[in-house]
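Novice: Residue-level listing of the chains:
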Amino acid sequence: MNAQKNLNTSRPLDVLGKSLNSQVLIKLKGGREFRGVLNSFDMHMNLVLNDAEELESGESSRRLGVVLIRGDNIVYISPE
Amino acid sequence: MNAQKNLNTSRPLDVLGKSLNSQVLIKLKGGREFRGVLNSFDMHMNLVLNDAEELESGESSRRLGVVLIRGDNIVYISPE
Amino acid sequence: MNAQKNLNTSRPLDVLGKSLNSQVLIKLKGGREFRGVLNSFDMHMNLVLNDAEELESGESSRRLGVVLIRGDNIVYISPE
Amino acid sequence: MNAQKNLNTSRPLDVLGKSLNSQVLIKLKGGREFRGVLNSFDMHMNLVLNDAEELESGESSRRLGVVLIRGDNIVYISPE
Amino acid sequence: MNAQKNLNTSRPLDVLGKSLNSQVLIKLKGGREFRGVLNSFDMHMNLVLNDAEELESGESSRRLGVVLIRGDNIVYISPE
Amino acid sequence: MNAQKNLNTSRPLDVLGKSLNSQVLIKLKGGREFRGVLNSFDMHMNLVLNDAEELESGESSRRLGVVLIRGDNIVYISPE
Amino acid sequence: MNAQKNLNTSRPLDVLGKSLNSQVLIKLKGGREFRGVLNSFDMHMNLVLNDAEELESGESSRRLGVVLIRGDNIVYISPE
Chain V
1 MNAQKNLNTS RPLDVLGKSL NSQVLIKLKG GREFRGVLNS FDMHMNLVLN
51 DAEELESGES SRRLGVVLIR GDNIVYISPE
Chain U
1 MNAQKNLNTS RPLDVLGKSL NSQVLIKLKG GREFRGVLNS FDMHMNLVLN
51 DAEELESGES SRRLGVVLIR GDNIVYISPE
Chain D
1 MNAQKNLNTS RPLDVLGKSL NSQVLIKLKG GREFRGVLNS FDMHMNLVLN
51 DAEELESGES SRRLGVVLIR GDNIVYISPE
Chain L
1 MNAQKNLNTS RPLDVLGKSL NSQVLIKLKG GREFRGVLNS FDMHMNLVLN
51 DAEELESGES SRRLGVVLIR GDNIVYISPE
Chain C
1 MNAQKNLNTS RPLDVLGKSL NSQVLIKLKG GREFRGVLNS FDMHMNLVLN
51 DAEELESGES SRRLGVVLIR GDNIVYISPE
Chain P
1 MNAQKNLNTS RPLDVLGKSL NSQVLIKLKG GREFRGVLNS FDMHMNLVLN
51 DAEELESGES SRRLGVVLIR GDNIVYISPE
Chain Y
1 MNAQKNLNTS RPLDVLGKSL NSQVLIKLKG GREFRGVLNS FDMHMNLVLN
51 DAEELESGES SRRLGVVLIR GDNIVYISPE
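Protein chains in written order, with UniProt numbering: chain V, 1 to 80; chain U, 1 to 80; chain D, 1 to 80; chain L, 1 to 80; chain C, 1 to 80; chain P, 1 to 80; chain Y, 1 to 80.
If we take Cβ atoms under 10 Å as the criterion, some of the chain C residues that face chain L in the derived model are: (1) Gly30; (2) Leu47; (3) Gly65.
The hints are simulated quantities; they were obtained by calculation from the structure and are not laboratory data.
Here a beta-carbon is modelled for each residue, glycine too, at the ideal position from N, C-alpha and C.
With the sequences and hints as input, model every part of the structure.
Specialist: In structure tokens form, the structure reads like this:
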């Protein structure tokens, strides 16, 4: 299966590589949401957003500018 | 037992390999559910869904398109 | 003690090896229960059930067919 | 201290080795309790009980027979 | 700093080595308390108490005799 | 992707290196917030703030001076 | 960045080395607070306090004398 997998599929974090300098939506454990431009990430899913804002009910509730989010808080990341 | 196991049984993550490009249902800790087409996964169960939607009471509540879900949130994955 | 242990006792996961292709009851953290036929498992207790159903108060509440359960959610596994 | 410790004291899991084939009481995180005959254990405190029952307020609430308990759920184990 | 530390200070678990065969108070996550005679411990803070009792509001609520407590539940240990 | 990543992007913790001796806002799991001057950090995101204060509703509720925050509590860090 | 970091900044746990034999305030997950004289620590932030007391609303609620606190419970440590 591994050989087949390597040929036919990408790795999950490749989605982050493709999203650099683009806007992403981040959902954290507990429900917090952030939107911002992905600046960097590592294999723990630690990531830095630029022009970041925290959202409540989809509306901006706090402008953070640059923010480093610790990866273990993340539920999902979705490119927008 | 190991020899017997290797002969007679598959490994749990083989189910993900067989589900690539097919629709899966994902249940997360806390109860969140997602449905989408499995695009990639790794050994931590980090995975990417395409055409993903978040579900509430089995109905689509949010269309996410592409979403990277962090594996440590996952309770179960079921091919549909 | 180790020598004595190796001679006289089995390892806990041997119970899973003996339960392959048999029905098991799975209890998860938070109280969720599943019943199904054990198809595969690994050392993290990730496991795949066939003919799986989720239970509420001992009754089937949802038929899942094939399901991969992430091992870190598991409280106990009992062969039936 | 290490030398002194090795001479004068045993290791905590030795209590499990001495309890094989004897009845033990298991308390889990969240308050669940089990009583059964210890059949096997490993260094993660994964363990198998035979003739196991789940307890509520000290009374048997569910007979499980053989049960594999995942070690990370355990608060304490007490030989009876 | 390391050299200075090794000369001037002890290591935290040395307190457990000095408490062997003496009474200790154990506080667990969630608030549970135990008192007993420390019989053994390891580097994960797994430990065995003899003559152990569970406490409620400082009073004995359950006599456990010998008990193996899994280290990851522990908040603090205090020699008495 | 790795080569491209190394050329074009920085690593998330570089944001902390650039924030040394500057004021940062720290959000912890559970909602606690701190503001202070970043004095040091390590790869676990353990960090030391000088002139630190704990915030409630954005207002200073407790002056701590020097504080070492354990990295596993951190949700995000934002330079101000 | 690493070279610059090693030259210009200290490591977070250095704050603990400098606080040996001095009074510190400890905040735990869940809100518990302790005050005492730091006797020892290790890289997991396991630490021993002498003359320790547990605090409620900043007042002493329980005198513990010597206490070993397991590092994974700690939110922050502040020298006083």
